[in-house]
Every structure is written in structure tokens, then in C-alpha cells.
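Asks: Here is how the chains run, residue by residue.
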Amino acid sequence: MNSPVNSLKARPWDLWFRQILAVTKFEARKNFAGRRWVGTLLLAGGPVFLLTVRVLLGDTETEDVGTLGIIFASIFQSYILRLAIFFGCVAVFTQLFRGEVLEKTLHYYLLAPVRREIIMTGKYLGGLLNVSVLFVLSTVASYVLMFVPSGSRVMEAQFVNGPGVGYALTYGAIAFLACSGYGAVFLLMGILFRNPIVPAVLILGWESLNIFLPATLQKISVIHYLQSLSPVPLPFGPLAVITDPTSPWISVPGMLLMTLLVLTAAAVKMRRAEVSYAAD
Amino acid sequence: MTMENDRTIGFSNISKFYGEVLGVNKINLMVQPGITSLVGPNGSGKTTLMNLMSGLLQPTQGWVEVHGLTPASPEEFYRLIGYCTQFDNFPKGLTGYDLLSALLGLHGHSAKETKDLTWNAIEQVGLVDDAHRRVAAYSKGMRQRIKLATAIAHRPAVLVLDEPLNGLDPMARAEFIALFQDLAAEGFHVIVSSHILHEVDMISDQVVMMSHGYVVAEGKIQGVRHEMDEHPISIMVRCDRPALVARKVFACDHVVEASISDDGKGVVVRTRNVDEFYLMLNRVVLEDELNVEGVTPTDEDVHSVYNYLVGANGHAS
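The listed protein sequences correspond, in order, to chains D and A.
Quick note: the first sequence uses my numbering, first residue 171, plus one each step.
Quick note: the second sequence uses my numbering, first residue -9, plus one each step.
Pulled out of the complex, with its shape left as it was, chain D reads as follows (with noise of 0.2 Å):
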């Protein structure tokens, strides 16, 4: 039974993708398995279920697409993207690694024949599944769920021969965006800090100001690039600094290497990890 070393030196590639897939499989089950997953799946949930009821009430006041779509544009800048993708992140990452080491299972894995990069890897992509699959699919049914009470002629106006499919897609989009890249930070927090919800706070507070913070400060914060993705922009009041959008061209890729520095960095700090549960 030596395939696992014969597959390392022929072609290691094909076994550390399998260690991934592993850990993922492993991770995503833990996951769903604890009591976090519960206020991660009321956070997301929260906007499909006050949407479906007001789908179920039969709130018809506003038709007009245009103003539905601003209300969303609030709702997912507001509260999806900053507050329930954020927490969601933060309760799901922080714990990757930190909470293995106050349930003291992380020995599991550090003594398992894995380079500690692919651990890393693999935990970061079961809490992205995770995450990402709950978040997009709540910000894609909310978004469809904003336009079902104003009527199957707004609902064609706006998916038929509107930009309402794209629109829907996009802020999928953006979802995904958010849990990779606040993921991929939270992730990090949780290797760098017994506590991370101190590191947390900051952050929250950091993206929460920002609209207040000089152009060049805005651009150091991963809810910037998100607002810039939106398809409806949102004016934030005369006490905000308007910065312009930063292009989706630069958006995404730098959204994406910002994650891959974090988890590179998340990596170097594993690889001199070491197990001494008594100290934490």
C-alpha cells in the first residue's frame, strides 16, 4: 500500500490535489457539524426570510425597479457585505486553526502526512465552500426576492429584459469575493492571535470607516474593491470622501493576490506552528 509515495515522487501534484480534496471533504463536514455553522446560517438567512415574508405579505407598493434595486443595493452594501459576510467570515476562518487548538485536534492533522500548506489550503477552501455557497446563494435569492412582490411584469422587465440576471450574478460575485478575501484575512487572524475577535473589531472598524478615510486610505481595505464591483452605486451621505470606483479589471485580480499574500502568509506562520495546547 505504497501508492500515496510512489504518486509523491512521480507526481506530486496529483497527491497534494487529493490531500486538498481530503481536507476540504474534512473541513466542510466540521463545519457543518458545529454550532458556529448556526449563527452563520441566521446571518445569511436573515435577508431571504424577512424577503420571503414580505413576498408572502404581499408588499406591492414599490414597482419600480429602479428604486428596488437601490433598496437591494442598501441591503446587500449594508448589511450583506459588511456585517453578515464579515461575522460569517470571522466566526467560520478565525476558528480554522484556533479553534482546533482550544478543542486540542490540531495534532490530527500536524501528524498526518501533509505538508502543513496543503492543511492550510484545504481549511481554507472547506470554510470557503462553507461560506461561499451559503452567502451567494442568500445574496442571489435575496436579490430575486426583492423584485417577486412587484409581479410577474416587473420581475420580466427586470430578468427578462433587464439587467436583472446579470445583476443577480454579479452580486453572487461579489459574495464570493468577500468570503475568499475577508476569509483568507480571518483565516490569517486566526493563526497570528489567541484572540482574534480583538484583530476583528479593528477590522470591522477599519471598513466601517472607511468611506470617511483619504482616497488613498480607502483603497487599503477589502470593502472598497467590493463597493467598486457593485452594479447599483450607493451615494454614502455628505460626510463620506467619494473616491472613484477602482476598475473591476483591477478589482478582482487585486482582491484575489491580496488573498493569496494573506494565505502565503498564513502558510509561512504554519510551517513553524507547533502543538502545546497547555499555553493556550
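In short, the hints are calculated from the structure, not lab data.
Remember, it's a predicted structure, so these values are computed and weren't measured experimentally.
Backbone N, C-alpha and C fix where the C-beta goes; we use that ideal spot for every residue, glycine too.
You may find that some hints are simply not true.
Here are some, though not all, of the chain A residues that point toward chain D, as calculated from beta-carbon distances under 7 Å [claimed, not checked]:
no., residue
1, Leu46
2, Lys82
3, Gly98
Quick list of in silico lysine-lysine cross-link-like pairs, DSS-like style, CA-CA up to 27 Å [as the list claims (entries may be wrong)]:
no., chain 1, residue 1, chain 2, residue 2
4, D, Lys439, A, Lys82
5, A, Lys130, A, Lys102
6, D, Lys274, A, Lys82
7, D, Lys195, A, Lys82
8, A, Lys105, A, Lys82
9, A, Lys102, D, Lys195
10, D, Lys195, A, Lys105
11, A, Lys130, D, Lys274
For this one, chain D is given, so just place chain A on it according to the hints.
Replies: Using the frame of chain D, we list chain A on its own:
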């Protein structure tokens, strides 16, 4: 650096400090195949040494190699080593089968190989009937069994077991000891830490005695005992005329004490030169037609050596 013999485990000048607290200090050790027991009181550094060996801890200085490999090559190193830690924790929500299968999946085996190895390990530790129960519902003994299964499932050549018999009933202890002995007989390294000295005595090919982060003795227990010149070796001779033996041995310079046993059917002799004593005993048997029932060293066991070296309070002498 590679060890001279690729089948050894070598510690070279290895030290580990937790901040200013000493874990182990300047340990040089070469462990041969067979069962090696780490013996020492709590805080003596046994678990630290095992964690260093398995790469869970990084040494402050020095290095450790297992069969010429280090944890820096995890894909090969961790196929070689199986570690049953002292941590009694498991990922939540999993059954015993799920846990083993998920961990074996990390090795990169195919689904069929993973399934075969999982059941094989479950059978070895006697958990077949409980394999599909959640680990959270396992008893202490069952948790110990599944932990052992995680260590042996991938058939490692080096098995590191930190207090593996804790929480097991006497039947299970005997089963596990037999399993360790089988593995050692097949040429595996089995490294066990235990504070139950009579069990260590029963199973060990060699012992490593630790105190306050230092190795105070290592090797085969008889060898260690014979090197302790300051403690004369005690031998019980059971025979038909113990008083005669006592009288004869008193004349020898190397004998420091001879006393008739409580039942009057033997004599306990303490000597500084075991070889001389046996020669003398042979002479007595031949010349005086002594009937000898048995000759047994009484302090060549781990317990005695441990007490001489470390003392009952855990302080090295």
C-alpha cells in the same frame, strides 16, 4: 545529517524551552528497534521528548531524526511514524470509523485502500461493534482504543505511545501489551511512556529514564543496573541450607550484606561483583552439595533502578 544506521531514532543535543521553563535539555540518544520505555515522574520531559520526536514541537536547539527523516519532509516522515498522544480530544460529530477514514484519506490513499486500512485498524483495537458510534459517546477505554487506532492505522514503522494503557481495563491492557510486543517482534520501533513500572518492566527491551528534563539512564535495564556501582546488586538464593551460603559469602570482599529470608528458605545477598558471586556460589554448590531451587536478582527491575536513580520523590540522585 543522516544517522549512521537508517533504522534508528536519533536525538542530537536536543533541547526545548517553553519560554524560560525547561522542557528537556541537551539530550543525546539513539533508540534501537524494539520496545523502548520512557520512564520518569510528571514533568520529567517524557511527553516533550515524544512531541519533539513526532514534530509537534520544534526544538530550541539540536535535531531529531527518525530513520534518517525529519518532520521537514512531512509526506514521508508521517507515513513512518504513528503517535498516540495523551490528548483525549477528537474532532466533533464524527464516529470512530469516520475519524479514522478521514485521517487516512489525508494520506492520499484510494477510497478502497482507506476503507481496508480503516477496518483493519478498527479490528486490531477491538472496536468493530462500536465503529459507527460517535466518538463523543465512547467510554474512556474506547477513546483510548480509537486513539491507538489513529496511530497504527497507516502501519507506521515507528509507533510513539504516550501513556497508552491509561483508562484500559486489565484485559485490554494485556491485549495492548501483546499487540506492542507483536509489533516490536516484527522489527518496529515502539516507544512507550508509562508510569506503571511493572508494566514497563514486563514489555521493555530498553528504558530511558528521565528526570527534570534530563536523561539519567538509558539502555537495557540489566545493563543500567550493573553500571550503578554505588548500589550493590541484591540476589535471592533459595536453597536447602541458606545459613551455609550466608556464612560462605560473608568471607568475600565484594559481598556487603547477607540475610536469611523471612521464610528461612533463602538468603538475600548484596554484592558489588555479580560475576564473582556466581563463581563462588557454583563452588559452594559443588563442594557442599547444596540444593539450589532458584537464584533471582531482586533489584534488577525498572522499579528498583528508577528508585535508585530518580528516587521515590522524583529527584535524580
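Asks: Let me make sure I understand: some of the numbered hints might not hold for this structure. Which ones are they, in numerical order?
Replies: Violated hint: only 5; rest satisfied.
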